[in-house]
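Protein sequence lines correspond, in order, to chains A and B.
If you want our numbering, it's the position in the first sequence, counting the first as 1, plus 1.
So that you can map any letter, position 21 of the second sequence is 14 in our numbering, and since no number is skipped, the others follow by simple counting.
If you are wondering where the hints come from, they were derived from the structure by calculation, not from laboratory data.
Worth double-checking, as some hints may not be accurate.
In silico DSS-like cross-links for lysine-lysine, where the CA-CA straight-line distance does not exceed 25 Å [unchecked claim]:
hint, chain 1, residue 1, chain 2, residue 2
1, B, K362, B, K264
2, A, K113, B, K362
3, A, K27, B, K171
4, A, K23, B, K264
5, A, K27, B, K362
Partial list, derived from the structure: chain A residues whose beta carbon lies under 10 Å from chain B [stated by the list, open to error]:
hint, residue
6, V98
7, V102
8, L162
9, L288
For each residue, glycine too, the CB sits at the ideal point set by N, CA and C.
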Amino acid sequence: MTMLDTPLPGGNDSSIDQPVGKAGDKVFFGLSFGAAALILVTLAAVALFLSYQGLYEYVVSDSDQLDGDGGFLSYVGPLVFGTVYISAIALLLATPVAIAVALYISHYAPRKIAQTLGYFIDLLAAIPSVVYGLWGITVLAPIISQSMFPWLRENLGFIPLFGSDVAIAQSGRSTFTVSVVLAVMVLPIITAISREVFLQTPRLHEEASLALGATRWEMIRQAVIPYGRSGVISGAMLGLGRALGETMAVAIILSPASGYFWDVLTAQNSNTIASNIALQFPESAGLEVNRLIATGLVLFVLTFAVNAVARRIASAGFSGADG
Amino acid sequence: MSLTASTIEPDLDSDGGNERNDMTSGSLDGRPMWGIRVVSVAAGLAGYLAFGAVNWALWILVGLVVYVVTTLLVSRFVESPREATDRFSTAVMTSAFAVVLLPLVSVVWTVIERGSNRFDWDFYSTTMRGVIGEGGGGYHAIIGTLVITALTTIFAVPFGLFTAIYLVEYATGSRFAKAVTSLVDVMTGIPSIVAGLFAYALFVFLDDIPALTALSTGVGHRSGLAGAVALTLLMTPVVVRTSEEMLRLVPNELREASFALGVPRWRTIVKVVLPTAIAGILTGIVLAIARVIGETAPLLVTVGITADVNWNPIDGRMAALPVFSYNSYKFPTLPVEASQDRAWAAALTLVLLVVILFSIARILSSILKPKGLK
């Protein structure tokens, strides 16, 4: 009961979990333990409430009332397609650029400037998504619908991505525009994480490479990229998770239609789950709300899966010099 | 950590240090590289002047392409293929950075330009009550944002901080701690709209309990409290993450010294561990506030929008800046420009709030840094 019994933190002693027999310690331990337990309770509540309100109240009991014979799947299918399609394009656009920018900040820019740039990138990650949405529809959409859309349609129209019978969206409110905006939004996240891992490359690896006469690019290919690969991939996956759940930018810019649409240049686009909820929720009542909550559950599962994969890759980490 | 960045800086463009290039036939260091840069800028500028200002961004891109290609070709002829690849990669990285700056600078510039139309006292002092056309403002939305964000902070900070204290100080490596850690990861990944749906479902449920009906009055279960609960779900994992990281940085010797003097564990945490880590923890909290203050989707679902000031978070709908901005743009009243100006002014206010919070975080971290730590 005396303080001499108190185990030191970091030791492997299992009695660490035991609060010491003092009132203050008991209270403090109780508060901390309670907070940690509350995390568990909260997440259980999230899963429970979404499952009950969405899955049980709609999908299990009543889905043919709103969706007819197709059931819930016919409603959520196009939304899942739209979510994954838009996010995947955004990720394809953002990742290579983000890696290049991260390398620039970590290994090319002068140190003083690099710190400021890192700060600037962090700041950009915190700009609210409404702002990106407003920018996308006012500035970006008119520019790229006039300059890039016709060009893409004419020259790359043989690819289903850019060619179909439907006319180009003059307003620019199409999948392509949204993907570019999402790419701009996730870029700071991927850049921040990649920069961090690139900076952690062991100095000895880099100096060894340079000492053997490698140019800066060769050094990066030999030392930095193998070391940072898993970090970059997990950063990209986190960016993907962010893009999947992005709501407002999509809700503001996209001109949605129901169904599956491959062509990214038209005004007929598959909506995303999150944007569909934001657009429909204020005007929904009764079962419609339950249906939206059910789609929210699908989105939750989708992002959960992506994040789980990201963490897997991140924890795999650097496995040796040959990567 | 940042040391590594500076260690490798064989400055490609400095005039000195030519020993390495003695082995090659020629070198592009110094003036030739600047020549290429000047040519590229000139190419972009020429295009802009010749074909008009339809899209200045396009000509910046043209300039960058010229830069990358000439660098590769010239270096290929003058220097060795290896040098050429190296210079090419440098040019590509630099160009990628410039390309990224284009949209980002454009975003910031547009917000300032469009937002300044209504960046006046009127916007910050009037509400939308009874306003149909021009005029009106976002005073009620600012109040709403402040109330909801303050509530969120009150919920999330103790919640997150105590969880972090548990993870670092009490339960190193226990199975429960591992479960909590991975659940915090899951929480980090919850899409914001899903957090909103959860809060909505929770308050619909609470409404059925007679004793708690007061919590979710308001038409359709909308209230500021529900919004704060949704945002708490998003903010807590961020607070846990940063606090945990900061607490782990506190050297174990400090704790051991305190224990050796007979100080109980909780006083050690309060008097020794927390003060040492406080700079990082506060910075993390401020940055977490900056992250949630612009959240739109969860508030759209849980709080809704009104035209008037509502200070009471358990009394029906409230307005918040992001939702106000979205609504003004998406459902404009005539004249449309007036609504759009209000949307942009709200967006500018939000960005300013984020910038202010970031500055506060920066100042805090430099003021509170304990002298013993670097």
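Hints versus structure:
At roughly 15 Å between alpha-carbon atoms, K362 (chain B) and K264 (chain B) fall within 25 Å of each other, so this suggested pair holds. Of the pairs offered as hints, the one joining K113 (chain A) and K362 (chain B) holds, with about 21 Å between alpha carbons and a cut-off of 25 Å not exceeded. Proposed proximity of K27 (chain A) and K171 (chain B) is supported: the alpha carbons are some 22 Å apart, at most 25 Å. Simply put, K23 (chain A) and K264 (chain B) have alpha-carbon atoms about 17 Å apart, close enough for the 25 Å limit, and the pair holds.
Of the pairs offered as hints, the one joining K27 (chain A) and K362 (chain B) is violated, with about 30 Å between alpha carbons and a cut-off of 25 Å exceeded. Interface restraint check for V98 (chain A): the shortest CB-CB distance to chain B comes to about 5 Å, inside 10 Å, so the restraint holds. Given hint, V102 (chain A) at the interface with chain B, holds; its Cβ is 5 Å from that chain's nearest Cβ, closer than 10 Å. About 21 Å separates the beta-carbon of L162 (chain A) from the nearest beta-carbon of chain B, more than 10 Å, and the hint is not met.
With a cut of 10 Å, the hint placing L288 (chain A) at the interface with chain B is violated, because the nearest CB-to-CB distance is about 14 Å.
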